[in-house]
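Visitor: Could you build the full structure based on these sequences and the hints that come with them?
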Amino acid sequence: MRIAVAIMILWAVLTGAAFAEETATAIGDPERGQKMFKKCKSCHQLGEGAKHKVGPHLNGIFFRPAATFDDFKYSKGMYAAREAGLVWDIDGLSRFIEDPRKTVPGTKMSFHGLAKEKDRHDLLAFMRIYSDNPQNIPEAAPTAIKVEVELSPEILAIVGDPEYGEYLATECTTCHQSSGDFDGIPGIVGWPQDEFVIAMHAYKLKKRDHPVMQMMAGRLADDEIAALAAYFGDLN
Amino acid sequence: MTLNRRTFIRAGAAVAASLSAPMVLGAGKPRVVVVGGGAGGATAARYIAKGAKGAIDVTLVEPSRTYYTCFFSNLYIGGFRDIGSIAHSYGKLASDYGINVVHDWAIGIDRDAHTVSLAGGDTLAYDRLILSPGIDFVDGAVPGWDITSQNKMPHAYKAGSQTELLKAQIEAMPEGGTFAMVAPPNPYRCPPGPYERVSMVAHLLKQKNPTAKIIVADPKPKFSKMALFQEGWANHYDGMIDWIGSDFGGDAVEVNADEMTVSIDGEVTKVDACNVIPAMKAGKICEMAGITEGNWAPVNGHTMQSRIDENIHVLGDATNQGDMPKSGFSANSQAKVAAMAVRGALTGSKVFPAKFSNTCWSLINTDDGVKVGATYEATDEKIAKVDGFISQTGESGELRKQTYEESVGWYAGITSDMFG
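Chains as they are written, first to last, in my numbering: chain A, 1 to 236; chain B, 1 to 420.
These are calculated hints, taken from the structure and not from any lab test. Given the structure is predicted, the values throughout are model-derived calculations rather than measurements. Keep in mind that a hint or two might mislead.
[Said to hold, decoys possible] Taking lysine-lysine and the BS3-like style, the derived pairs with C-alpha atoms no more than 25 Å apart in a straight line are:
| no. | chain 1 | residue 1 | chain 2 | residue 2 |
| --- | --- | --- | --- | --- |
| 1 | B | Lys401 | A | Lys207 |
| 2 | B | Lys385 | A | Lys118 |
| 3 | A | Lys207 | B | Lys385 |
| 4 | B | Lys401 | A | Lys116 |
| 5 | A | Lys206 | B | Lys385 |
| 6 | A | Lys41 | A | Lys206 |
| 7 | A | Lys38 | B | Lys385 |
| 8 | A | Lys206 | B | Lys92 |
| 9 | B | Lys401 | A | Lys39 |
| 10 | B | Lys401 | A | Lys102 |
| 11 | A | Lys76 | B | Lys385 |
Guide: Dropping the structure here:
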């Protein structure tokens, strides 16, 4: 049954048709889900060539037990959830996305959750397109992280001075714990440098919302952002 | 001063001495003494020790073995935290960073001999001294109140037993009783603090004693985040809080701790619990060291060095530095600039331009958090504001909840930044 549903959703997406066959129960609206995935993609990649970033990539997540990538360091809470038998089926994913910290206490995922069931199901309908299980979908459109701001190659090419970054980072660690722990403010340790740079420029240009971060990034020069990215990118 | 040959030689010798200071001290490691283990002092000690990797001897002098943060102590009063959750020890600073933690009172500073004397009789020598003593109260600031009244009318503006006492007194109020606060004049520690406290007292009373009343006598015509607090008070605690600013006689206050009365503009009210937050000044050790002008210790924002003695850095609430509010966040921010300057002076490590920031979160009611913040830079005159923001009235409940959750994250962040 699930296979049939997934195929139906896929077909609808690929043909651009937004309807559900009478015989199949769609779990949600994948087009709307694609828009909702913007909330996720600063940390998670999905689609062809997806890699682990701040969070693990989400290809093939359906029906996989929690915390199964050897090359990704999960929170202790997520390993504990795996021990407890958490599997990423629709119910497991839906519960996690509804309230991440309640479902998996100690998770590093700094997301407040989607309270509305429809939102969760639309998102899952979209994510499910990229799961090999039950259906292999090699042609799926890449949804690599869209650059939130257009940065010149010169800015992206700046090599940061980690020593300067270490000093500048002392301002960050008042809120973002240097251990990488998360208690209501996201961890930023080990963040890939290019994404760090893009995110900070997005705050600086006020294209990402958050008054504190817009203010903090607003007075950082390009080389200072690069220095911070270099420092946090190497920090374990 | 005219520059004659003698003064020139003396000045030259002083320069030579200061330049070669790290070498001369090579006989032993350079010594830093930090007085005060709060947001400024603990952070400075930790960052100096962490950065110097054993090249500097760091001693932290702090009388308390358990430190209760003033920030979030209002949340304890409101029932959102237990007292243990705002208590911290200095164990990791000693074990993980090699800091010599001395639980004693600093009672004197000899600026010529570069020594700090302790109440226990010991003397500590320093090459650089960091003073981060927080605040003390101005004598006679509130007529009828002195430090001997603090058990009847607690200030609860140094967290710990005073905070517990105040909460116990509020909880013991008779049904429909009156809680009064005497708010402090500017400048003082934690500008939104008294008003967050009023909110937390109201939250507590609303559950346990909903017909109780709150009177606030304020020597100021307006206060930090005023529109946000007043909106929150109207929304959550309608009719419970009577704020009397200086325009309405809030600056003409007298208290009687034995009679438990508060007189505001000549009108005497019998109260059941009373929180007196007097005018403040730099922690007494600054005055003893002779580095204060008026009530506060002036500092150079580039390095947080005292403007009176360059071998002393002063941090946090005790300073007169310019535009930053007196807050734990500010002290933590200033400590990092001072730590960098001290390491640069003593070991020649790289020194970067000073940057500062501050954000103050306040809780008005369950999941109703607000914040105000700014960034700052050092100019030759002062620490000057660069940019800032403040929460808006009428924000969504979801945003206010996020702001509160963010403040909880900040608490975990800053306390691990202070204590390791």
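Visitor: Are the Cα positions of Lys401(B) and Lys102(A) separated by 25 Å at most?
Guide: holds, 16 Å
Visitor: Just to be careful, I want the Cα atoms of Lys41(A) and Lys206(A) compared with a cutoff of 25 Å; is the pair within it?
Guide: holds, 18 Å
Visitor: Given the hint that Lys401(B) pairs with Lys116(A), does the C-alpha gap stay at or below 25 Å?
Guide: Holds: Lys401(B) and Lys116(A) sit about 17 Å apart, inside 25 Å.
Visitor: Checking one constraint from the list: CA of Lys206(A) to CA of Lys92(B), max 25 Å. Satisfied?
Guide: Judged against 25 Å, a Cα distance of about 39 Å means the pair is violated.
Visitor: What's the verdict on Lys206(A) and Lys385(B), does the C-alpha distance respect the 25 Å limit or exceed it?
Guide: holds, 20 Å
Visitor: Please verify whether Lys38(A) and Lys385(B) have alpha carbons no more than 25 Å apart.
Guide: violated, 35 Å
Visitor: Tell me if the straight-line CA distance from Lys401(B) to Lys39(A) falls inside 25 Å.
Guide: Measuring from Cα to Cα gives roughly 18 Å; hence the hint holds.
Visitor: For Lys385(B) and Lys118(A), compute the direct alpha-carbon distance and say whether it is at most 25 Å.
Guide: Measuring from Cα to Cα gives roughly 45 Å; hence the hint is violated.
Visitor: Given the hint that Lys401(B) pairs with Lys207(A), test it: the Cα-Cα distance must not exceed 25 Å.
Guide: holds, 22 Å
Visitor: Regarding the pair Lys207(A) and Lys385(B), is the alpha-carbon distance no greater than 25 Å?
Guide: With Cα atoms ~23 Å apart, Lys207(A) and Lys385(B) stay inside 25 Å; holds.
Visitor: Given the hint that Lys76(A) pairs with Lys385(B), test it: the Cα-Cα distance must not exceed 25 Å.
Guide: Answer violated: Lys76(A) to Lys385(B) is near 41 Å, above 25 Å.
Figure legend: structure checked against the earlier numbered hints; hints not met, in rising order: 2, 7, 8, 11.
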